[in-house]
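Colleague: Please build the complex by placing chain B on the supplied structure of chain A, with the hints as guidance.
Those protein sequences? They're chains A and B, same order as listed.
6 is the number of the first residue of the first sequence in the working numbering; add one for each residue after it.
9 is the number of the first residue of the second sequence in the working numbering; add one for each residue after it.
These are computed hints drawn from the structure, not numbers from a lab.
Please note: incorrect hints may appear among the correct ones.
Stated by the list, open to error - To give an idea of the interface, some chain A residues facing chain B are shown, with a C-beta separation under 7 Å as derived from the structure:
1) K127
2) W131
3) I154
4) V268
5) T305
6) L309
We treat Cβ as the ideally placed atom computed from N, Cα and C, and that holds for glycine.
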Amino acid sequence: MLTAPPAATRPTAKAPPPPARRPARRGVVAAARPYLLIAPTLAGTAFLLLYPLARNILMSFQHYRMAELIHGGAKFIGFANYGAILSDPEFWTVVRRTLWWTALDTGLILLLGTLIALMLDKLGRWMRLAVMSGLVLTWATPVIAATTIFQWLFQSRFGVVNWSLDQLGFHSFRNYAWFAHGGSTFAILVALVVWQSVPFAALTLYGGLTTVPAELYEAARLDGAGAWQTFRLVTFPVLRPLFALVTSLEVIWCFKCFAQIWVISQGGPDNATTTLPVYAFQIAQALHKYDLGSAVSTLTVLILTGALVFNLRRMFRQEGEEL
Amino acid sequence: MRHPLSRTLRRVPLNTAALAVLAVSVFPVYWMAITAFKPTADIQADTPSFLPLHPTLDHFRTAVHAAGFGTFWRNSLMVTLGAVLMSLLVALLAAFAVGRMRWRGRRAFILMVFIAQMAPWEALLIPMYVIARDTDMLDSLSMLTLVYFMTTLPFTIVTLRGFLAAIPVELEESAQVDGCSRAGAFRRITLPLLAPGLLSTSLFGFITAWNEFAFANTLIIKNQDARTLPVWLSSFANVFGTDWGATMAASSLFMLPVLLVFLVLQNKVTSGMTAGAVKG
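Chain B extracted, bound-state conformation:
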């Protein structure tokens, strides 16, 4: 006889493993957040406290008042949003061509996108640096925006193509029968249905660009005012010495926007990624 209790008991090892995975995934982030709220005396205690016993906002003040914080925040936001919007627009056109039209070279184009998705970007640091220098784009945020646009573009095309494939073409066709132009049918019928796909794809672009470090660190050399948050954060330890509270506060502030968007959209993101992965 199956007994509810024995079923619970059989699940003990499974749930223990689940809790272990949960702890390992959450603890480092928890430790960051809690350190950010601890007064320095508690951070430098011989016995660490696992709860914020004397919460303080001092470290956040230090981080926010650090030189250039607002500028770097704005730089990161501009570069990221610029790159995401560009790649979304360009990818939408390409995904439409691939998903809704038949043409010579379509297969070659898709393969090119796949290969571009695997491009070893970090291997291009040196030529990018030289090209940026030659074209007077060194130290400029537009160069970074362009690079991020290109690094996110192939993925965006592949994923949007997956989402587009899930929307029946008949819906567009019947709108065309009802008198819509082809573009009009796409805009009125398919685009709204594609909204979750656009949202989750742009989130990936957002995270990639928001996080990017190697190019930001290479292409922005002299003009310190054009730095982005990841570069600033990586040098934070140098700026603040061993002020771990301020470093962790800065890390928390850096990760906050990504985290918020991610948590709000997590279901769409996972399903979207699977759609992209399985189909593409």
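In isolation and in its complexed conformation, chain A is listed as follows:
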């Protein structure tokens, strides 16, 4: 039915050559149409992404402090800002901490997300619905709301966490001041970010799991594969692109995580929770050293790009095949 177009529109040898002018002009209009459609996107990207990015790089090569912010006329000083940043041991401590923070968060999120996704797949209908609703609830909790909730949960005097630990026999946690110590503040931030991010990973991976053909599992079962083998040889290879995507997104989100850290600890106590974005912001906003802050931001982007370059290349290749 669909295959046979009306005979009249089918070009034949006898058809007269089409009049030259109109189709040509219509052709130009038609050819311009997609570019008109993407023009707003391009404009937005140019002014709100590329320009700030360029501005950031520019500032990182200038002397740009409070005076320049007010009066303008920043001077170029070459790589001096980068020299100052890279020779500061504090910067390298922050880099190490950021990598550690990202690896820990992403690792936990993927591990828990995968386990929960597999669990959802095995659960009965009602239980699955209940757990998914719970995950959606967590996911829908706004970052700042979740942050205040965690502050309340871990509040030293009336926090329910200290009370529970005390009840369980860990009496040293009675009135324990979580936010007074670097290590425990760090741990709470990890818990907060993982708590908030697991639902996305779990629900996405579960969505992917439901698309794995049942015959593959059947075949694996007939071959006598155990649970781990089935996952390693069937589930994971099929969902590899999805895992790659979720990993990249979580790495990016954890790496550049700012709001939670800023609200809970502002990078403290004793800088124990200062990651790169927080560090850049502290330098720029609190010390008014916008030039150094920009250098840190540029380095942040470079490190993040470096960490993701393999994933990006793979993704582009895959996209290229699809298009």
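Modeller: Showing chain B alone in chain A's frame:
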């Protein structure tokens, strides 16, 4: 022989794990809500109560009557809706160009959108601040709207493209055969089918913009009347000292709209996200 009881028994560890996950995901939010309804005496009890034994609305009154609450609520709503509508409109055009047309540079454009989706926005706080200052847009809600528009745009394009790909192009073509123009065919046939996609995508934009803290905290400095809810909420502890009841009431009110929309649309959201993720 498979026995129903043994099947139930085998499911015990699985269901226990499920209940544990459920508890961990729900408890913090439950604790927030229940604290908001407890009188201060119950909040500051040595033994916490896990049920609201003496429910009160006092903390909600404190929160709502706090200075500027209505203003900040309106600011957040305006910025969020403005950004979502803008990005939806712009993304729809781009998704149509990408999904329904062939043109040179299409691939490069898609890759650009993907990269933009991963843009480290927090690294742009400083230049954005400087640019806003240079253009007299500091302390203005329109600057925030523009930033949120851009932060949600790439994701919206990717997801809408996924939804659009699921709608057969033949439907549009047959409408064109029946005399519709190309735009008319899109508007009459594809747009209605795209409605769930538009809905779920805009929800993501809504949540992102509603929640955003870093830019709102950086770009709104002097004009306190232009603050948004997240910034206000983050300073709530300072405003109300250790009034945890009021803080939790404010958090509950802040999260309510997101939660309502999310719960109503959750199926569409999950399927939409998977469509976007798998395809894009």
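Colleague: Report holds or violated for the interface hint on T305 (chain A), using the least CB-CB distance to chain B and a cut-off of 7 Å.
Modeller: At 5 Å from the nearest chain B Cβ, T305 (chain A) passes the 7 Å test, so the hint holds.
Colleague: Does the nearest C-beta of chain B fall within a distance shorter than 7 Å of the C-beta of I154 (chain A)?
Modeller: holds, 5 Å
Colleague: Mind checking the CB of V268 (chain A) against every CB in chain B and telling me if the closest is under 7 Å?
Modeller: holds, 5 Å
Colleague: Restraint: K127 (chain A) near chain B, CB-CB cut 7 Å. Satisfied or not?
Modeller: Check passed: Cβ of K127 (chain A) comes within 6 Å of chain B, closer than 7 Å.
Colleague: So, L309 (chain A) near chain B? Judge it on the closest CB pair being under 7 Å.
Modeller: It holds, given that the least Cβ distance between L309 (chain A) and chain B is near 6 Å, below 7 Å.
Colleague: For the hint on W131 (chain A), does the least C-beta distance to chain B fall short of 7 Å?
Modeller: violated, 10 Å
When the structure is compared with the earlier hints, a violation turns up for hint 2 alone.
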